[in-house]
Every structure is written in C-alpha cells, then in structure tokens.
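Turn these sequences into a full structure, and let the hints steer you where they fit.
Numbering (the UniProt record's numbering) for the sequence shown: 1 to 148.
The set of hints was computed from the structure by calculation and includes no laboratory data.
Hints may be right or wrong, so weigh each one.
Here are the computed distance ranges between Cβ atoms for each label pair [what the hints assert, rightly or not]:
1) Q84 to R50: 38 to 44 Å
2) G44 to R14: 19 to 25 Å
3) G44 to D140: 38 to 44 Å
4) R53 to E119: 46 to 52 Å
By construction, the Cβ of each residue, glycine as well, lies at the ideal position given by its N, Cα and C atoms.
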Amino acid sequence: MELQQLRSFCSVVRYGSFTKAAEQEGIAQPTLSLQIRRLEKSVGSTLFVRLVRSVRLTHAGEIFYSHAKEILNRSKIAESQVRQLEDGIRGPLRIGVISTVLPYLLAPRLPEFWILYPEVDIVLTEDVTMKLVDKLRAGDIDVIIVSL
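Below is the structure:
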C-alpha cells in the first residue's frame, strides 16, 4: 500500500468518479484506475461499486476511507514536523487580528497549526485595523489579518 494510492482513493471518494478524480490529481484515468485496483488487491477487498458514470463505496470502502484519511493526515503531520526540524521553524509568531476574524476564521484553525508546527508559539493581538497596521509597521506584530 502506497500513500499515492491512498490519495487517489480519497480523491475518487471526494469527486465520486474516477475521471474527475484523475483530472484533479493531474494523472491519466487509466493510471488512477490501476492504482485503485492495486490498492484493492493490497487490502483484499473491493472498495468501490463501479456504476456507469460514477462510483460509490462498498461497506469495506467506507471502513477503509476513514482509516485512509487518518493515515494521510498523520503522514502530512509527520512530514511537516520533520521539515520543521530541518528548516528550524520555531519561536514566536505574533499575529494581529480584528475581532470578527479571531473566533470565526483563525481560532478554528489553530489546533491544526499547533499539530503541524509544535515549536511555534502564537501570540495573538486583537485590535482595530488602524492600530494593528501601526503595530505591524512598528515591528510589534509579524502579520495582521484585517478587512479592507
């Protein structure tokens, strides 16, 4: 079983068709079909019911899909953490945000960021746009997220 096979499998699930998934993955449809056949052989079960212009997951495919997503997510985290060690991504990241951005756009994404970059300490400053721009210009904040 290879990560590329898992990516292709998840793409077929996401797009509901081998053709659309192949387009999104930037590979030929026969190549994607071969990857899926090899994956099915590897796991010992048919993962898709193939219809005329679409596919749907078998029961085994449904079970496998949740695991495939988790494997790909963990792989992404592992690669990111190793890259951080090599690149030395660590230390404080000072982010200035307006009040409407923090709870809706930024806060929901922080847990994933901390998983991907555990050595980065985020320091949040919430303020109005003009004050955040002044703090950015003064070098007190590294990046701001504001509305125009």
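Going through the hints against the structure:
The hinted window of 38 to 44 Å between Q84 and R50 holds, with their beta carbons roughly 41 Å apart. For G44 paired with R14, a C-beta distance near 24 Å keeps the hint of 19 to 25 Å intact. Restraint check, G44 to D140: a C-beta distance of roughly 58 Å breaks the suggested window 38 to 44 Å. A hinted range of 46 to 52 Å for the beta carbons of R53 and E119 is consistent with their spacing of about 47 Å.
Hint violations for this structure: number 3 only, all remaining hints satisfied.
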